[in-house]
Amino acid sequence: MKKSALSLVILLLIASFFLVSCNGSAHISLPPSKLTERVLASQSAATPTASPGLIVIDGEYDTLSTRGTAEISAGTSPGLMAVSPERSTLLAFDSATNKVDVVDTSKETLTGTLQLPGPTISMAVPNPAVGYAAVPNAPLNGSPNGGIVVMNLTSPGVTAIISVPNAQMVVSNPSGSVLLVFSNDSDSVTVVYPLALNLNSPLTVTVPGFDRPVNAVFSSDGNTAYVENCGAECGGTQASVQVMDISTTPPSLGPSVPVDGATIAFLHGQLLWVAGNSLTNSACTGQTTAAKTCGRLDIVDVNSMTVTGRLAITDGYHDRIAFGLGGQLFIGSYACTNIGNVNNVQGEVRGCLSIYNAVNNTVVIPPDNGDVTGLESFTSRYVVYVAEGGNLRVYSTTSDSLLITDYIRTGTIVITGAITDVKAIDFF
Numbered sequence: 034m035k036k037s038a039l040s041l042v043i044l045l046l047i048a049s050f051f052l053v054s055c056n057g058s059a060h061i062s063l064p065p066s067k068l069t070e071r072v073l074a075s076q077s078a079a080t081p082t083a084s085p086g087l088i089v090i091d092g093e094y095d096t097l098s099t100r101g102t103a104e105i106s107a108g109t110s111p112g113l114m115a116v117s118p119e120r121s122t123l124l125a126f127d128s129a130t131n132k133v134d135v136v137d138t139s140k141e142t143l144t145g146t147l148q149l150p151g152p153t154i155s156m157a158v159p160n161p162a163v164g165y166a167a168v169p170n171a172p173l174n175g176s177p178n179g180g181i182v183v184m185n186l187t188s189p190g191v192t193a194i195i196s197v198p199n200a201q202m203v204v205s206n207p208s209g210s211v212l213l214v215f216s217n218d219s220d221s222v223t224v225v226y227p228l229a230l231n232l233n234s235p236l237t238v239t240v241p242g243f244d245r246p247v248n249a250v251f252s253s254d255g256n257t258a259y260v261e262n263c264g265a266e267c268g269g270t271q272a273s274v275q276v277m278d279i280s281t282t283p284p285s286l287g288p289s290v291p292v293d294g295a296t297i298a299f300l301h302g303q304l305l306w307v308a309g310n311s312l313t314n315s316a317c318t319g320q321t322t323a324a325k326t327c328g329r330l331d332i333v334d335v336n337s338m339t340v341t342g343r344l345a346i347t348d349g350y351h352d353r354i355a356f357g358l359g360g361q362l363f364i365g366s367y368a369c370t371n372i373g374n375v376n377n378v379q380g381e382v383r384g385c386l387s388i389y390n391a392v393n394n395t396v397v398i399p400p401d402n403g404d405v406t407g408l409e410s411f412t413s414r415y416v417v418y419v420a421e422g423g424n425l426r427v428y429s430t431t432s433d434s435l436l437i438t439d440y441i442r443t444g445t446i447v448i449t450g451a452i453t454d455v456k457a458i459d460f461f
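Just add 33 to wherever you are in the sequence shown, counting from 1, and you've got the working numbering.
If you are wondering where the hints come from, they were derived from the structure by calculation, not from laboratory data.
Fair warning: there could be bad hints in the mix.
Claimed, not checked - Restraint ranges, calculated between C-beta atoms of paired labels, are given here:
| # | residue 1 | residue 2 | range |
| --- | --- | --- | --- |
| 1 | Gln-271 | Leu-63 | 52 to 58 Å |
| 2 | Pro-235 | Thr-192 | 18 to 24 Å |
| 3 | Leu-97 | Phe-460 | 18 to 24 Å |
| 4 | Ser-210 | Gly-151 | 25 to 31 Å |
| 5 | Thr-109 | Gly-319 | 43 to 49 Å |
| 6 | Asn-256 | Asn-376 | 45 to 51 Å |
| 7 | Leu-173 | Asn-233 | 16 to 22 Å |
| 8 | Asn-185 | Ser-253 | 25 to 31 Å |
| 9 | Asn-374 | Ser-210 | 46 to 52 Å |
| 10 | Gly-319 | Thr-192 | 49 to 55 Å |
| 11 | Asn-174 | Leu-312 | 36 to 42 Å |
| 12 | Ser-413 | Val-392 | 16 to 22 Å |
Remember, predicted model here, so these are calculated numbers, not experimental data.
Ideal placement from N, C-alpha and C gives every residue a C-beta, glycine not left out.
All chains should be built: construct the whole structure from the sequences, respecting the hints.
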């Protein structure tokens, strides 16, 4: 009897456990796509069987969503995207209408649309409530065209336009208290203090002393910016990386180090990887290729501000960069030298993507064609998503891969329309 009673109790406990587990799982709130590891891809081109929108991708299996919503409606030609640090708010720019769609990622729905006064190629979203867009031709009464458009993302709308003539790029520090704005054909950086809006404090400060600056990377504490001086590639003199101390008012300049080219960079520990083009050193040394010119990747030690390595990469204007698990740095450009045809592989195939292996200090050029318009890496998967030539590729970055250019699973996530950008909206 005692043994039977004990067995009955154990069975009841097991049954209770499963009931609690099932009931608990029923209360887990899933988004409409029914996915927990999601990636959004902006499909900008309509086809007879597909409409423009944001495609929901299962980031665990590299497939389209099959259990729930597969697409979020977003304008007529969504392309460039930006996402807030905690990934609850995503912005998608519609190049056909110059509108920005605001997406609540948890609900996978639009919360509103706002109108920009012109096109943009750069947006920053330091927090879910506010975003910034650099609009080079934004009209302003009494000032030259160009400015930073301040976007209210809670009740979507434009709240202000901060005058910065010919504003091309905007980069925010981690807290969102400082914006660095870069204008074409300028040797200055405009520092914007957005929290000073409607206050009596200075809103902008112009810092001279650069050589065609085009971009910047902030240190993790936000006190230091490493500014990429484009130099000769952009009509200036010498490409370099210039240190700017943001903790001082106005910001002060620190040391600089000449590099081959500097339009985009990635900071990893004390190493800053800087990509660009050199007008005097464009040889494809170390690569077997039909390309006549190559871009450059310089490795800068930011502690000593010295260049510790230089490698050849694909040419074009470098404006995309991502670092994947396994020590692989992905560098994308546009208007590069394309060789061969990926659809008719005979001999060399080459496009605008370079992959630098930081483990063995080598560069691989994958066999693909087209401009790289989007890159996304992950913190828990050895893959990187690449939007190149309108296709969405998935690359392996595992350290034991014989070729880091091997595709994971299907290799290409087949989407009917042309893909422009890609963003992960869950932490994985």
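Outcome of the hint check:
1. Gln-271 / Leu-63: 52 to 58 Å: Given range 52 to 58 Å: holds, Cβ gap about 53 Å.
2. Pro-235 / Thr-192: 18 to 24 Å: For Thr-192 against Pro-235, whose Cβ atoms are near 19 Å apart, the range 18 to 24 Å holds.
3. Leu-97 / Phe-460: 18 to 24 Å: Because 21 Å falls inside the window, the suggested range holds.
4. Ser-210 / Gly-151: 25 to 31 Å: For Ser-210 and Gly-151 the Cβ distance comes to about 26 Å; the hint holds.
5. Thr-109 / Gly-319: 43 to 49 Å: holds (44 Å)
6. Asn-256 / Asn-376: 45 to 51 Å: holds (49 Å)
7. Leu-173 / Asn-233: 16 to 22 Å: Given about 21 Å between the Cβ atoms, the range holds.
8. Asn-185 / Ser-253: 25 to 31 Å: holds (28 Å)
9. Asn-374 / Ser-210: 46 to 52 Å: Between Asn-374 and Ser-210, where Cβ atoms are some 48 Å apart, the hint holds.
10. Gly-319 / Thr-192: 49 to 55 Å: 50 Å Cβ-Cβ, so the 49 to 55 Å window holds.
11. Asn-174 / Leu-312: 36 to 42 Å: holds (40 Å)
12. Ser-413 / Val-392: 16 to 22 Å: holds (19 Å)
Hint compliance for this structure: no hint is broken.
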